[in-house]
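As they're listed, the protein sequences go chains A and D. Start counting the first sequence at 1; every next residue gets the next number (the UniProt record's numbering). Start counting the second sequence at 1; every next residue gets the next number (the UniProt record's numbering).
Hints in this document: simulated from the structure, not taken from any laboratory. Check each hint, because a few of them may be wrong.
Same chains, same names: a pair is fine if it fits in one copy or spans any two.
Unchecked claim - Distance condition first, Cα-Cα at most 27 Å in a straight line; then the derived DSSO-like pairs of lysine-lysine:
1. Lys622 / Lys577
2. Lys650 / Lys51
3. Lys663 / Lys589
4. Lys689 / Lys650
5. Lys663 / Lys689
6. Lys689 / Lys487
7. Lys233 / Lys663
8. Lys589 / Lys118
9. Lys487 / Lys233
10. Lys280 / Lys51
11. Lys593 / Lys208
12. Lys233 / Lys650
13. Lys575 / Lys589
14. Lys570 / Lys612
15. Lys650 / Lys575
2 protein chains.
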Amino acid sequence: MKPMPFSRTPLLDGENANEKRSEILRYFVTTFDCYERLFETLNSEAAYYLKPIRLRHPLIFYFGHTATFFTNKLLLAGLFAERINPRLESIFAVGVDEMSWDDLDEMHYDWPGVEEVKAYRNELRQRVTALIETLPLTLPISWGHPWWPLLMGIEHERIHLETSSVLIRQHALEFVRPHENWIPWTETGPAPNNTLVNIPAGRIILNKSRSTGCHYGWDNEYGHHETDLPAFKASRFLVSNQEFLPFVEAGGYQTASWWEDEGQAWLGYTGNTHPPFWIKDGQNWCLRLMLQETTMPWDWPVEVNYHEARAWCNWKQAQTGASVRLPTEDEWYRLYDFAGLGELPADTRSNANIGLDYAASPCPVNRFAHGDLHDVAGNVWQWTETPIYPFEGFEVHPLYDDFTTPTFDGRHNLFKGGSWISCGNEALHSARYAFRRHFFQHAGFRYVTGAAQTEIHTSNYETDRLLSEYAEFHYGDEFFGVANFPKTLAQIAINAMGQRPALTALDLGCAAGRATFELARHFQSVTGVDFSARFIGLGTQMAEHGLLRYTLTDEGELVSYHERTLAALKLDHVKDKVSFSQGDACNLKPLWKDFDLVLAANLIDRLYDPEKFLAGIHARIKPGGLLMITSPYTWLSEHTPRAAWVGGYKQDGENRTTLDGLKVILERRFRLIQPPLDIPFVIRETRRKFQHTLSEVTLWERRHD
Amino acid sequence: MKPMPFSRTPLLDGENANEKRSEILRYFVTTFDCYERLFETLNSEAAYYLKPIRLRHPLIFYFGHTATFFTNKLLLAGLFAERINPRLESIFAVGVDEMSWDDLDEMHYDWPGVEEVKAYRNELRQRVTALIETLPLTLPISWGHPWWPLLMGIEHERIHLETSSVLIRQHALEFVRPHENWIPWTETGPAPNNTLVNIPAGRIILNKSRSTGCHYGWDNEYGHHETDLPAFKASRFLVSNQEFLPFVEAGGYQTASWWEDEGQAWLGYTGNTHPPFWIKDGQNWCLRLMLQETTMPWDWPVEVNYHEARAWCNWKQAQTGASVRLPTEDEWYRLYDFAGLGELPADTRSNANIGLDYAASPCPVNRFAHGDLHDVAGNVWQWTETPIYPFEGFEVHPLYDDFTTPTFDGRHNLFKGGSWISCGNEALHSARYAFRRHFFQHAGFRYVTGAAQTEIHTSNYETDRLLSEYAEFHYGDEFFGVANFPKTLAQIAINAMGQRPALTALDLGCAAGRATFELARHFQSVTGVDFSARFIGLGTQMAEHGLLRYTLTDEGELVSYHERTLAALKLDHVKDKVSFSQGDACNLKPLWKDFDLVLAANLIDRLYDPEKFLAGIHARIKPGGLLMITSPYTWLSEHTPRAAWVGGYKQDGENRTTLDGLKVILERRFRLIQPPLDIPFVIRETRRKFQHTLSEVTLWERRHD
C-alpha cells in the first residue's frame with residue numbers, strides 16, 4: 001500500500017503556469033517510471049522476445065513503443081526537430097492491433113536488445129523532460145494547445161501500462177517474477193449474494209468540450225450526448241467468480257445456444273471451457289493473477305470477454321425467466337450518477353479499487369460500496385452492449401487521426417468504469433475504451449434487467465469514395481466561393497414557385513438528398529428518389545439520425561474525417577417532411593404523381609433513356625406546376641447510348657444543343673418560364689483536386705391541358 | 001450573250017439601305033431563278049433520281065438542298081420561327097460530301113417528287129422574299145450582322161449552281177437537253193504556243209476583315225496573310241487540250257512514275273487513260289460539255305483534277321529539264337497583282353470568261369488577256385499546290401461551323417481564279433475553294449517554273465481530346481478568374497531566380513510548352529522535355545509556326561474551333577530561345593545538365609519512379625541553381641506504383657505527406673528557400689465542365705557541395 005496515490009491526470013487550467021509545469025513533469029516522470037517498473041516483472045531476456053499471445057507483438061515492442069509514440073507526436077507537432085533513432089522508431093511505430101482473432105501475425109522482426117531500448121528510453125526521457133521544463137506555457141491547455149501532444153504521450157503510456165499488464169498476465173509464469181511494487185490483494189472470502197437495485201428513470205448528459213481545459217481526453221470523448229433513460233434494475237455487485245461458476249459447471253461453454261454467433265465462432269476457434277485466467281488444479285479452481293497463481297478468490301469479479309459475459313446473461317435469463325442482459329453505455333452513466341460518484345481525489349486514495357491506489361489485482365466485489373451499488377468504478381472494467389460510436393460533434397485530433405476511427409465499425413464494444421490499474425484518463429467518467437468483443441483485459445461485468453435495450457447509434461463513416469464525395473458536395477464545405485449547389489437550386493425553385501400551391505415536391509436523382517431537405521423548407525412534403533440505393537442511404541440516414549459521417553481523401557491514401565448534421569444546417573425542423581426511395585426516373589412508380597414541383601438536378605445526362613423521362617414527366621406534375629431541370633449536359637455513352645442523347649450533336653447538318661432538344665420534347669406540355677441560367681457546382685476529389693462545373697437550369701411550367 | 005451581266009455579289013456597305021435591300025432582293029431572286037433554270041436542262045424525271053456519279057446524291061437532292069440550307073440557317077439565326085417542311089428538310093439537309101473516292105454511299109433515300117420540291121422551293125422563295133422586304137436593315141452588313149445569313153444562303157446557292165453544273169456535265173447525255181440559257185462557246189481554233197512570262201519578286205498582302213462590310217466572305221477568307229515571293233515564271237496561257245495531248249499520247253496515264261502516290265491510287269481505282277471529259281470517237285477526240293458533245297476544241301483549257309495536272313507537270317519537267325510545277329496559292333495572288341486585275345465590274349461584262357458573262361463553257365485560252373498573261377481569272381479554275389489552311393486569325397462562323405474546318409486536313413487543295421460559271425463570292429479575288437485532289441470541277445491549270453515551292457502552312461486542328469485540352473490549358477482562355485498556370489509558374493520561378501545567373505532552364509514535363517516559352521523571357525535558352533512526343537509536337541509547332549489550332553468539346557459531340565498565336569501572347573520574340581525534346585524524367589539524357597533552373601510542373605505524381613527522378617535531379621542543376629516542383633499530389637497507381645509514391649500514406653503509423661517525402665529525399669542536396677504555396681489551375685473539359693486543382697509549389701536551391 002502506497003502512502004500517496006499514483007499521480008492523477010492533471011487539471012489543465014488554473015492560475016499558476018509554473019506549478020502546472022511542475023505537475024506535468026511529475027506526471028510524466030511517474031508515468032515513465034511506473035511503466036519501466038512494470039517491465040521489471042519480466043525475469044529474463046526471453047520474456048521480452050517470446051510472445052505472450054500469438055496475435056500480438058512480444059513485450060520488447062511495447063517497451064520501446066511508448067517512447068517512439070512520444071517522438072512521433074512531438075515531431076509531428078514541431079516540438080522535436082529530429083528523430084532520436086530512426087531505426088528503432090521504425091520498429092516501434094506500429095503495434096499489431098489485434099482486430100480479429102483469426103488475423104495471424106506472420107511478420108518477422110529483428111528486435112533490438114533490451115539495454116539498447118532502455119538507452120533509447122532514457123534519451124527520450126531527457127528530451128521530454130527538457131521540453132517540459134522549457135516550452136512556454138499558458139493555461140488552460142486545450143485540444144489545440146502546444147502542450148497537448150505532451151499530455152497525449154503521457155496518457156498513451158498509461159494506456160499501455162494497463163494493456164502491457166494484461167500481456168504480462170498472459171505470459172507463462174516462468175517468464176515473470178513477483179515484484180514489491182506489484183503485490184496483489186490478499187483479502188478474499190465467500191462471495192456475497194448478488195441482488196438487484198432499482199435505478200429510477202433519469203436523464204444523462206455528456207458534454208465534454210474541446211475548447212476548455214479540464215482533463216486530457218481522447219477524440220471519442222468529446223461532443224454532445226444527452227438522453228432520457230427509463231427505470232431499470234442493476235446488479236448490486238459485479239458478477240463474481242462464484243456467481244459465474246454454475247454456468248461453467250452446467251457446461252455453458254459447451255452449449256452453443258447460450259452464445260451469439262460471433263461468440264460461437266470464437267469458442268470454436270479457442271475450444272475454451274472456462275474463463276481464461278481460471279486454472280483447474282485437480283478438483284480445485286485456481287486463478288492466474290499478473291505475476292502468480294492463487295487459489296480461487298470466489299468473491300472477486302470474474303474476468304471474461306464480452307462473449308462470455310453475454311452468454312452468461314443468456315443462460316441466467318433462461319434460469320430466472322427475467323430479462324437479464326449487459327448494461328448499455330448510457331446505463332453505466334446512469335449508475336454513476338445514481339451512485340453519486342465523482343472523479344478520483346487528487347491526493348488521497350479513492351474509494352475504489354482503481355488507479356493503483358491499493359494493489360495489483362482485483363479485490364472482493366463487496367469491498368467498495370458506491371451508494372447502494374458496489375464497484376460502479378474500479379476493480380475490473382465492465383462490458384457494455386454498446387459498440388463504440390462518435391458523439392455528435394466528434395472530430396479526430398490532427399495529431400492522432402486513427403486513435404478511434406478504425407473502431408467505428410460496430411465490432412468494438414465499450415467497457416466502462418476502469419480496473420485496479422486504470423489511471424490517468426482511463427479512470428475518468430468520460431473515458432471511452434472499446435475493444436473487439438473477444439478481447440481480454442482486466443474486465444468483467446454487471447448485469448441489468450428491465451426494459452429491452454433501445455439505443456441505436458451510428459458509428460459508420462462512409463468511406464466509399466463516390467458516396468463520400470457526394471456527402472461533402474451536399475452537406476459539406478464550399479470551395480472557390482461557390483455556394484452550395486442543391487441549396488441554391490432549392491432556393492431558385494422556391495422563388496419560381498411564387499404563390500403556386502406547394503404541397504408536394506419530387507427531387508428526382510436526389511443523390512445524397514440535400515435539395516430534398518431544402519425544398520422541405522417550402523413544401524409540405526418532399527420525396528427524394530434516386531436510382532442508387534446507396535445514395536438513398538445517405539439521405540435516409542440524415543433524416544433518421546440527423547447526421548452523416550464520412551471520410552474524404554486528402555492526398556493519396558490519407559483521409560480526413562467529417563461529420564455533418566441537419567441541426568448545423570438548420571434543417572432539423574424539416575426532417576419529418578422528407579422521405580427517400582429508390583426509383584428509376586425512366587420508369588417511375590405510379591404512386592409518384594400530382595407534384596407541384598419536380599426537380600431533376602444533374603439527372604438527364606445520366607439516364608439510359610432521357611427522352612422517355614422527359615416525354616412522360618408531365619403526367620407527374622399538376623397543371624400549372626413546375627419542372628426544373630439542371631444539367632451540365634455531359635453526355636457519355638457509358639451512361640446514355642449515343643442514339644438517346646437529347647442534344648450535343650449535329651442533326652441534319654446543324655448543331656443541336658441539349659437545350660434545343662429539351663425544347664423540342666417539352667414544349668408541347670410545358671412552357672419555359674425564364675431564360676436558362678448557369679449555376680456552378682464544385683465536387684471535391686482530394687484536398688487539392690476538384691470538379692468545377694456549370695449546370696444549366698431551365699424552369700418549365702406544365703400547361704393546362 | 002446576255003445584254004447585262006448576271007447579278008454580282010453586292011457590296012455590303014453604302015449609304016442607302018433601301019437601295020441595298022432592293023439589290024439584295026434582286027440578288028436572291030436572280031440566283032434562285034438561275035439555279036432553277038439550270039435544272040431545266042434535265043430532260044426527264046429519271047434525270048433527277050439517277051446518280052450522275054455513284055459517290056454523290058442524285059440531282060433531286062441538290063434541287064431541294066439549297067432551299068433547306070436557307071431554312072436551317074434562318075431558323076438558327078432566329079429569322080424564321082419554324083420549319084417549312086420538316087420531312088423534306090431532314091432529307092435535304094446533309095449532302096454526301098465526297099471526302100474519299102472509296103467512300104461508297106450505300107444510303108437509301110425515299111426521295112420526294114420533283115413537283116413537291118418545286119412547291120417547297122416556291123414557299124421558301126416567298127418567305128425569304130418577305131424577309132428581305134421587311135427585316136430592318138442598317139449598313140454596313142458584316143460577319144455578325146442580322147442580314148449575314150441571308151447573304152450566306154444566296155452565296156451557298158451560287159456555289160451549288162456551279163457544282164450542280166458539273167454533276168449535270170457528268171450525267172449521261174440521254175438525261176440532259178440543250179437549253180437557250182446554257183449555250184456553249186463555239187469559238188475555237190489551233191492552240192497558241194504556250195510560253196513563260198517573268199513574274200518579278202513581290203509581296204502579297206491579304207487582310208480581309210470581318211468587321212467591315214465589303215463583300216460576303218466565307219470563314220476561310222478572313223484573317224491576315226502576308227508574304228514575300230521570289231521571282232518566278234508562269235505560263236502565259238492555261239494548259240490547253242492541245243498542250244495536254246502529248247502526255248496522253250505518250251501513255252502518261254499508264255506510266256506510274258509521273259504520278260504521286262495518291263494519284264497512282266486514284267488511277268488504279270478509275271483505270272482512266274485520258275482527261276474525264278475527253279471522248280475518243282474512232283481516231284478523233286471529242287469533248288463532253290455540260291449539255292452536248294463537240295469535236296475537240298484544242299485551244300480550250302484542258303479540264304483535269306489535281307493529280308492529272310501534277311502528273312503532266314512531272315512529265316513536262318522530264319521533257320524539258322526545267323522545274324515545272326503548279327503554282328502555289330500565293331503565286332496565284334502574285335499573278336493577279338502582276339496582271340493588274342480587279343473585281344468584276346458591276347454592270348458590264350468583265351474581261352474574262354467568268355460569272356456567266358458570256359456563255360456556258362470554257363473558251364480559247366488566248367481569248368482573254370490580262371496584261372502579259374491570259375485567264376488569270378475565269379475560263380476554268382486553276383489548281384494550286386497548296387492544301388487549304390486557315391489564315392492567322394481564322395474563326396468559324398457560328399451559323400456554319402463546318403463550312404471549311406473539315407477540309408483542314410492537308411488533303412484538300414485550293415484552286416483559284418474561277419470558271420465560266422463562277423459568280424457571286426466565287427468570282428472574288430479572296431475566294432478560296434478547296435477540293436479533294438481527285439475531284440473534278442470546271443478546273444484546269446497553269447504551270448510555273450523557278451524556285452522550288454517553299455510554303456509550309458499548318459492547317460491541322462488538333463482534335464485529340466487530351467492534347468486539345470492542354471493546348472487550351474497552356475495557351476487559351478482563363479476560367480473562373482484563375483490566371484494562366486504555366487505563365488504564373490514561370491513568373492514565380494523568375495522572381496525566385498533574383499540575381500542568379502539565368503543562362504539555361506529545363507522545363508521537365510513541359511506538356512504543351514507554355515512555361516518553356518514564358519521562361520525564355522528571362523533565360524537565354526530553355527529546353528522543354530516531355531515523355532509524350534505528342535505533347536512535344538504542340539510546343540514544336542508553336543515554336544515553328546507561331547500558332548496552334550485545336551477543337552474543344554463544347555457539349556456532347558459539338559466542338560468549337562480555336563486558334564492561339566505566340567504573337568497574341570507577346571511571346572514571338574522568344575521562340576528562337578526554346579527547343580523541345582522527348583525525354584524521360586526518370587532517365588534523362590546526359591546532355592541535359594548545368595541548368596540554372598529546373599521546373600517540374602505537375603510531374604512527380606505522373607512518374608513511374610519519382611524518387612529516382614528526385615534523387616538524381618541535383619546532378620542537372622548548377623550549385624546555387626533552383627529546382628521548382630509543383631504538384632497536386634494526385635497519386636494514382638496507374639501512373640506510379642503504390643510502393644513508389646513519395647507520400648500520401650501512413651508510414652510507421654504517422655501521416656507522410658508528399659511534402660514530407662520531398663523533404664526527406666531532397667534536403668541533402670537542396671535547401672527549401674520559401675514556404676510552399678498553392679497555385680490553382682483549371683483544365684476545360686467541355687463548355688460547362690472543368691477540373692479545378694491546386695498545385696503545391698516548392699522552391700529548392702541546390703546546395704554547394
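Quick rundown of the hints versus the structure:
1. When the C-alpha separation of lysine 622 and lysine 577 is checked against a cutoff of 27 Å, the pair qualifies only within one copy, where the shortest distance is 20 Å, while the shortest distance between copies is 68 Å.
2. For the homomeric pair lysine 650 and lysine 51, the shortest alpha-carbon distance between copies (26 Å) is at most 27 Å, but the shortest distance inside one copy (72 Å) is not.
3. Proximity of lysine 663 to lysine 589 under the C-alpha cut-off of 27 Å is restricted to the intra-copy arrangement: shortest distance 25 Å within a copy versus 58 Å between copies.
4. With identical chains, the CA atoms of lysine 689 and lysine 650 are at most 27 Å apart between copies only, with a shortest distance of 20 Å across copies and 33 Å within one.
5. Proximity of lysine 663 and lysine 689 under a CA criterion of 27 Å is satisfied inter-copy only: 22 Å between copies versus 35 Å inside one chain copy.
6. Proximity of lysine 689 to lysine 487 under the C-alpha cut-off of 27 Å is found in both arrangements, the shortest distances being 22 Å within a copy and 20 Å between copies.
7. In this homomeric assembly, lysine 233 and lysine 663 never come within 27 Å of each other (Cα to Cα): the closest approach is 68 Å inside a single copy and 60 Å across copies.
8. In this assembly of identical chains, the alpha carbons of lysine 589 and lysine 118 never lie at most 27 Å apart, being 71 Å within a copy and 50 Å across copies at closest.
9. Taking the shortest Cα distances, lysine 487 and lysine 233 never come within 27 Å of each other, neither inside one copy (48 Å) nor across copies (73 Å).
10. For the identical chains of this complex, lysine 280 and lysine 51 are intra-copy neighbours only, at 23 Å inside a copy versus 105 Å across copies, given an alpha-carbon limit of 27 Å.
11. Proximity of lysine 593 to lysine 208 under the C-alpha cut-off of 27 Å is found in neither arrangement, the shortest distances being 48 Å within a copy and 60 Å between copies.
12. When the C-alpha separation of lysine 233 and lysine 650 is checked against a cutoff of 27 Å, the pair qualifies neither within a copy, at 76 Å, nor between copies, at 46 Å.
13. Taking the shortest alpha-carbon separations for lysine 575 and lysine 589, only the intra-copy value of 23 Å comes in at or below 27 Å, while the best inter-copy value is 64 Å.
14. For a Cα distance limit of 27 Å, the shortest separation of lysine 570 from lysine 612 qualifies neither inside one copy, at 37 Å, nor across copies, at 52 Å.
15. Taking the closest pair of Cα atoms, lysine 650 and lysine 575 never come within 27 Å of each other, the shortest separation being 46 Å inside a single copy and 39 Å across copies.
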